[in-house]
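**Q** For the record, the sequence lines run as chains Z and A. Sequential numbering of the first sequence, starting at 953, is according to the numbering used here. Sequential numbering of the second sequence, starting at 8, is according to the numbering used here.
Wrong hints could be hidden among the right ones.
Only some residues are given here: those of chain Z computed to face chain A with a beta carbon under 8 Å [claimed, not checked]:
{"no.": "1", "residue": "L970"}
{"no.": "2", "residue": "N978"}
{"no.": "3", "residue": "G979"}
{"no.": "4", "residue": "R983"}
{"no.": "5", "residue": "V1170"}
The calculated DSSO-like cross-link candidates involving lysine-lysine, where the alpha carbons are at most 30 Å apart (straight line), are [what the hints assert, rightly or not]:
{"no.": "6", "chain 1": "A", "residue 1": "K25", "chain 2": "Z", "residue 2": "K1143"}
{"no.": "7", "chain 1": "A", "residue 1": "K37", "chain 2": "Z", "residue 2": "K1096"}
{"no.": "8", "chain 1": "A", "residue 1": "K50", "chain 2": "Z", "residue 2": "K1177"}
{"no.": "9", "chain 1": "Z", "residue 1": "K1144", "chain 2": "Z", "residue 2": "K1177"}
{"no.": "10", "chain 1": "Z", "residue 1": "K1177", "chain 2": "A", "residue 2": "K71"}
{"no.": "11", "chain 1": "A", "residue 1": "K25", "chain 2": "Z", "residue 2": "K1206"}
{"no.": "12", "chain 1": "Z", "residue 1": "K1143", "chain 2": "A", "residue 2": "K37"}
{"no.": "13", "chain 1": "Z", "residue 1": "K1206", "chain 2": "Z", "residue 2": "K1183"}
{"no.": "14", "chain 1": "A", "residue 1": "K25", "chain 2": "Z", "residue 2": "K1183"}
{"no.": "15", "chain 1": "A", "residue 1": "K16", "chain 2": "A", "residue 2": "K50"}
{"no.": "16", "chain 1": "Z", "residue 1": "K1194", "chain 2": "Z", "residue 2": "K1206"}
{"no.": "17", "chain 1": "Z", "residue 1": "K1177", "chain 2": "A", "residue 2": "K57"}
{"no.": "18", "chain 1": "A", "residue 1": "K25", "chain 2": "A", "residue 2": "K71"}
{"no.": "19", "chain 1": "Z", "residue 1": "K1096", "chain 2": "Z", "residue 2": "K1144"}
{"no.": "20", "chain 1": "A", "residue 1": "K71", "chain 2": "Z", "residue 2": "K1010"}
{"no.": "21", "chain 1": "A", "residue 1": "K71", "chain 2": "A", "residue 2": "K57"}
{"no.": "22", "chain 1": "A", "residue 1": "K25", "chain 2": "Z", "residue 2": "K1177"}
{"no.": "23", "chain 1": "Z", "residue 1": "K1183", "chain 2": "A", "residue 2": "K50"}
{"no.": "24", "chain 1": "Z", "residue 1": "K1144", "chain 2": "Z", "residue 2": "K964"}
{"no.": "25", "chain 1": "Z", "residue 1": "K1183", "chain 2": "Z", "residue 2": "K1196"}
{"no.": "26", "chain 1": "Z", "residue 1": "K1194", "chain 2": "Z", "residue 2": "K1183"}
{"no.": "27", "chain 1": "A", "residue 1": "K50", "chain 2": "Z", "residue 2": "K1143"}
{"no.": "28", "chain 1": "Z", "residue 1": "K1145", "chain 2": "A", "residue 2": "K25"}
{"no.": "29", "chain 1": "Z", "residue 1": "K1183", "chain 2": "Z", "residue 2": "K1096"}
{"no.": "30", "chain 1": "Z", "residue 1": "K1145", "chain 2": "Z", "residue 2": "K1206"}
{"no.": "31", "chain 1": "Z", "residue 1": "K1010", "chain 2": "A", "residue 2": "K37"}
{"no.": "32", "chain 1": "A", "residue 1": "K16", "chain 2": "Z", "residue 2": "K1183"}
{"no.": "33", "chain 1": "Z", "residue 1": "K1188", "chain 2": "Z", "residue 2": "K1206"}
{"no.": "34", "chain 1": "Z", "residue 1": "K964", "chain 2": "A", "residue 2": "K16"}
{"no.": "35", "chain 1": "A", "residue 1": "K37", "chain 2": "A", "residue 2": "K71"}
{"no.": "36", "chain 1": "A", "residue 1": "K25", "chain 2": "A", "residue 2": "K37"}
{"no.": "37", "chain 1": "Z", "residue 1": "K1096", "chain 2": "Z", "residue 2": "K1143"}
Hints are computed from structural coordinates only; laboratory data are not their basis. Ideal Cβ positions, reconstructed from N, Cα and C, are used throughout, including at glycine.
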Amino acid sequence: MAVNLSYREYFKEDALPLMWCAGCGNGILLRAITDSLADLEIPPHQVVVSTGIGCWGKADDYMTTHAFHGSHGRALAFGTGIKLGNPDLHVIALMGDGDALAIGGNHFIHAARRNIDITAIISNNFTYGMTGGQYSPTTPLSSKTTTSPIGVAEPAFDVCGLAEECGANYVARSTVYHVTQLKRLITAAIKKKGFNVVEAINTCPTHFGRRNVPGDTVEMMNYIKEMTVAKSRYEKMDDEEKAKYLVTGELVNKERPDFLSVYREINPAASESGRGEGK
Amino acid sequence: MNKTDQSVKINIDESLCKRCGFCIEYCNTKVYEADQDGLPLVKNLDNCTKCRLCELRCPDFAVKVEVENNE
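All chains should be modelled from the sequences, with the hints used to inform the complete structure.
**A** Here it is in structure tokens:
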């Protein structure tokens, strides 16, 4: 029987207003995650959000679930410990682009290789917003930031491509503009066992937008809307055209056994003493 | 339930709204208009299709679309 939970069960309304800037999409992503948890009817006490440092790292302040606010880049390291300590819990790692791919880059690739049962939700706004708009591993080539005033000379990481190559079980990309798709992909990622990644392309009008997108918060939102294209359209493009866009949708959906299943097979004593099967 | 059998109320929390303008810009049926300060005003409620995208796209949880079923 449907319990009909609301996102309000997972969202701390008394913590409003949110700390993020006007036009920052983090609040939209937060709503999508809390909506997904309500749809999946996972009680808040069975969810742990593990966060690092950065604007998006503050998201756990607004959630009623358990939270572990750790050091920069280590959301997946702490999340791995939490999952192994109590496999019954749903662990969701909330990371920004710098947190997941620069400071925590090593944790990211190994969590994917290990296929540990964690949902990683990456808010990618192409910059280090909290520290003043420096360029990050996902800043698009030639974009201007405070540390690349004439344009960044490094190509950006393809977050989803990296996750796929490293062995992630489920990989998807959406944006904070495409809210219904975003929620659908997050729901699928939380539901699925294994290391599952959702990259949410996000707006940063304050730092990235000010230097790269002429106009206001709406123009920043239009920028991320226009830089992305649905998978069905992307697949029909030639390579030259593909290079101009980021593809959105479900990009990888595999059935690799997750770390704990493999570990329990190799070490049967572990399944006997294990506290449960998780999800 | 047919959508025409439903009535809709839109609440904007002025203290939470940061005037980003997303709800005004992306409403397909132009329900909102901005005041001088950029605050969204519900001007054309009759146009509302109850899609709730404005609520989902509000980064500050300031928009609440309440849909009620008519008797």
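**Q** Keeping to a limit of 30 Å between CA atoms, is the pair of K1143/Z and K37/A held or broken?
**A** 36 Å, violated
**Q** Need the status of pair K16/A, K50/A: alpha-carbon distance at most 30 Å?
**A** 12 Å, holds
**Q** Please work out if K25/A and K1183/Z have their alpha carbons no farther apart than 30 Å.
**A** This hinted pair is violated, its Cα atoms lying about 33 Å apart.
**Q** Next pair to validate is K1177/Z with K71/A; report whether the Cα-Cα distance is within 30 Å.
**A** 24 Å, holds
**Q** Quick one, are K1194/Z and K1183/Z close enough, alpha carbons at most 30 Å?
**A** 11 Å, holds
**Q** Grab the minimum C-beta distance from G979/Z to chain A and call the hint holds if it beats 8 Å, violated otherwise.
**A** Where the cut-off is 8 Å and the nearest Cβ of chain A is about 3 Å from G979/Z, the hint holds.
**Q** Under the criterion that the straight-line Cα-Cα distance not exceed 30 Å, is the pair K1144/Z, K1177/Z satisfied?
**A** 27 Å, holds
**Q** Interface hint check: R983/Z, Cβ to nearest Cβ on chain A, cutoff 8 Å. Holds or violated?
**A** Since chain A brings a Cβ to about 6 Å from R983/Z, closer than 8 Å, the hint holds.
**Q** What's the verdict on K1183/Z and K1196/Z, does the C-alpha distance respect the 30 Å limit or exceed it?
**A** 14 Å, holds
**Q** What's the verdict on K1145/Z and K25/A, does the C-alpha distance respect the 30 Å limit or exceed it?
**A** Distance of about 38 Å is beyond 30 Å: violated.
**Q** Holds or violated: K50/A with K1143/Z, Cα cutoff 30 Å?
**A** Violated, at about 40 Å.
**Q** Does K25/A pair with K71/A here, judged by a C-alpha cut-off of 30 Å?
**A** 15 Å, holds
Violated hints, in rising order: 6, 7, 11, 12, 14, 19, 23, 27, 28, 31, 32 and 37; the structure is consistent with all others.
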